[in-house]
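Asks: The residues making up each chain are set out below.
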Amino acid sequence: MADDNSVGAPLPQDGSARQLPSGSDRGDEKSSGFWSDLFAPVAGFGVSFSTMFRKVATEEYPEKPRPTAPRYHGRHQLNRHPDGLEKCVGCELCAWACPADAILVEGADNDDSPDGAGRFSPGERYGRVYQINYLRCIFCGYCIEACPTRALTMTNFYELADNDRGKLIFTKDQLLAPLQEGMLQPPFPMAEGMNEKDYYRGKVSGPTDGQREYVDARDARIDEEMSQ
Amino acid sequence: MGLEEKLPSGFLLSTVEAAAGWVRKASMWPATFGLACCAIEMMAVGTPDYDIARFGMERFSATPRQADLMIVAGRVSQKMAPVLRQVYDQMPDPKWVIAMGVCASSGGMFNNYAIVQGVDHVVPVDIYLPGCPPRPQMLLNAIIELHKQIQTTPLGVNREAAARAAEEAALRETPTHQMKGLLA
Numbered sequence: 001m002a003d004d005n006s007v008g009a010p011l012p013q014d015g016s017a018r019q020l021p022s023g024s025d026r027g028d029e030k031s032s033g034f035w036s037d038l039f040a041p042v043a044g045f046g047v048s049f050s051t052m053f054r055k056v057a058t059e060e061y062p063e064k065p066r067p068t069a070p071r072y073h074g075r076h077q078l079n080r081h082p083d084g085l086e087k088c089v090g091c092e093l094c095a096w097a098c099p100a101d102a103i104l105v106e107g108a109d110n111d112d113s114p115d116g117a118g119r120f121s122p123g124e125r126y127g128r129v130y131q132i133n134y135l136r137c138i139f140c141g142y143c144i145e146a147c148p149t150r151a152l153t154m155t156n157f158y159e160l161a162d163n164d165r166g167k168l169i170f171t172k173d174q175l176l177a178p179l180q181e182g183m184l185q186p187p188f189p190m191a192e193g194m195n196e197k198d199y200y201r202g203k204v205s206g207p208t209d210g211q212r213e214y215v216d217a218r219d220a221r222i223d224e225e226m227s228q
Numbered sequence: 229m230g231l232e233e234k235l236p237s238g239f240l241l242s243t244v245e246a247a248a249g250w251v252r253k254a255s256m257w258p259a260t261f262g263l264a265c266c267a268i269e270m271m272a273v274g275t276p277d278y279d280i281a282r283f284g285m286e287r288f289s290a291t292p293r294q295a296d297l298m299i300v301a302g303r304v305s306q307k308m309a310p311v312l313r314q315v316y317d318q319m320p321d322p323k324w325v326i327a328m329g330v331c332a333s334s335g336g337m338f339n340n341y342a343i344v345q346g347v348d349h350v351v352p353v354d355i356y357l358p359g360c361p362p363r364p365q366m367l368l369n370a371i372i373e374l375h376k377q378i379q380t381t382p383l384g385v386n387r388e389a390a391a392r393a394a395e396e397a398a399l400r401e402t403p404t405h406q407m408k409g410l411l412a
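Chains U and S are the protein sequences, given in the same order. Residue numbering for the first sequence follows my numbering, beginning at 1 and increasing consecutively. Residue numbering for the second sequence follows my numbering, beginning at 229 and increasing consecutively.
No lab work stands behind these hints: they were computed from the structure. It cannot be assumed that every hint is accurate.
[Stated by the list, open to error] Derived contacts from chain S toward chain U, CB cut-off under 10 Å, selection only:
| no. | residue |
| --- | --- |
| 1 | 315 |
| 2 | 326 |
| 3 | 327 |
| 4 | 333 |
| 5 | 360 |
| 6 | 362 |
| 7 | 370 |
| 8 | 377 |
The C-beta atom is built at its ideal place from N, Cα and C for all residues, glycine as well.
Assemble the whole structure, with the sequences as input and the hints as a guide.
Replies: This is the structure we're talking about:
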């Protein structure tokens with residue numbers, strides 16, 4: 001911006017005029033030159049004019065938003081294991097850690113019996129009800145720190161404004177990560193020969209054939225019941 | 229509100245509705261109601277970095293008499309509530325309210341006797357904006373959402389019909405005291 005300075009505030013031509021006026025010669029300040037005097041009243045417009053050729057600093061938000069910081073604290077997400085089972089075990093530690101009391105969790109037991117409600121997570125229990133009230137949440141991330149299974153993480157999504165208080169309480173179906181390619185929709189049993197610990201050790205990389213067969217049979221049974 | 233409310237329904241009103249909506253949303257003057265840290269982000273939206281003037285909000289009004297939109301930015305204490313209501317009452321119709329940040333929207337983490345648990349206890353709120361504080365882009369997003377809402381606002385008889393429909397829908401809803409979880 002050094003060259004802007006010469007336009008905006010014309011420096012005196014005479015170097016001696018830079019000296020501080022002493023008490024005696026305060027009245028007889030020298031003129032700083034013909035051209036400076038001529039353009040002094042309009043020198044300010046030079047700043048405005050030169051600004052027209054500068055790069056615009058404004059972020060064109062809705063069209064071209066700048067990316068957030070990589071670890072921005074945005075909307076939450078409930079993650080899944082590679083085969084589609086949920087990571088949340090319904091321990092409520094996130095709800096306990098929350099300083100704004102914005103999280104509600106109700107756990108329930110996984111049930112592998114043929115007539116049971118089914119298995120949603122590898123562990124003993126899963127989060128049956130999971131709600132986050134975004135009108136209380138302060139995005140501090142204590143829930144993420146508290147989560148023992150890395151089930152709850154935060155995304156970079158922040159466009160959450162809405163016109164209804166009820167709509168800003170996000171339920172489990174809104175918070176759950178969508179099924180990735182190859183994942184199956186719970187409930188279904190754990191991979192054969194694997195237990196809960198194997199899931200956390202990363203030994204499960206995707207659904208097995210046994211799990212696929214179970215889910216296909218389950219869906220066929222549900223379709224049959226719906227058609228009756 | 230004015231003459232446009234008394235127009236007959238039909239082709240004329242639908243055209244006037246669209247025109248009035250466009251005019252109202254394109255030139256809205258916000259009244260500052262900055263109460264806490266959210267006000268800093270609200271001021272940031274006025275800077276060239278985010279430039280609220282792109283949305284026809286050139287000037288943050290220091291007087292409610294010349295404002296259309298109240299952005300309640302920050303937690304409202306019980307003592308501030310009557311002041312808030314008075315500022316709202318002094319604004320000319322049509323007027324809108326954005327509850328910026330979790331404290332203004334619901335009390336946020338200050339669930340105590342000193343803080344109003346949401347400004348919708350005091351004034352009608354059009355847009356709730358979560359965040360603590362919301363980043364400037366989130367406020368711009370809320371303003372864009374409000375613009376959409378204003379653009380589609382019906383007038384006259386259509387407005388009355390819409391209000392009736394909304395009331396009937398609200399009566400059919402589950403009452404708050406019967407709701408489970410965080411909705412309770």
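Asks: Which numbered hints are broken by the structure, listed smallest first?
Replies: The structure breaks only hint 1.
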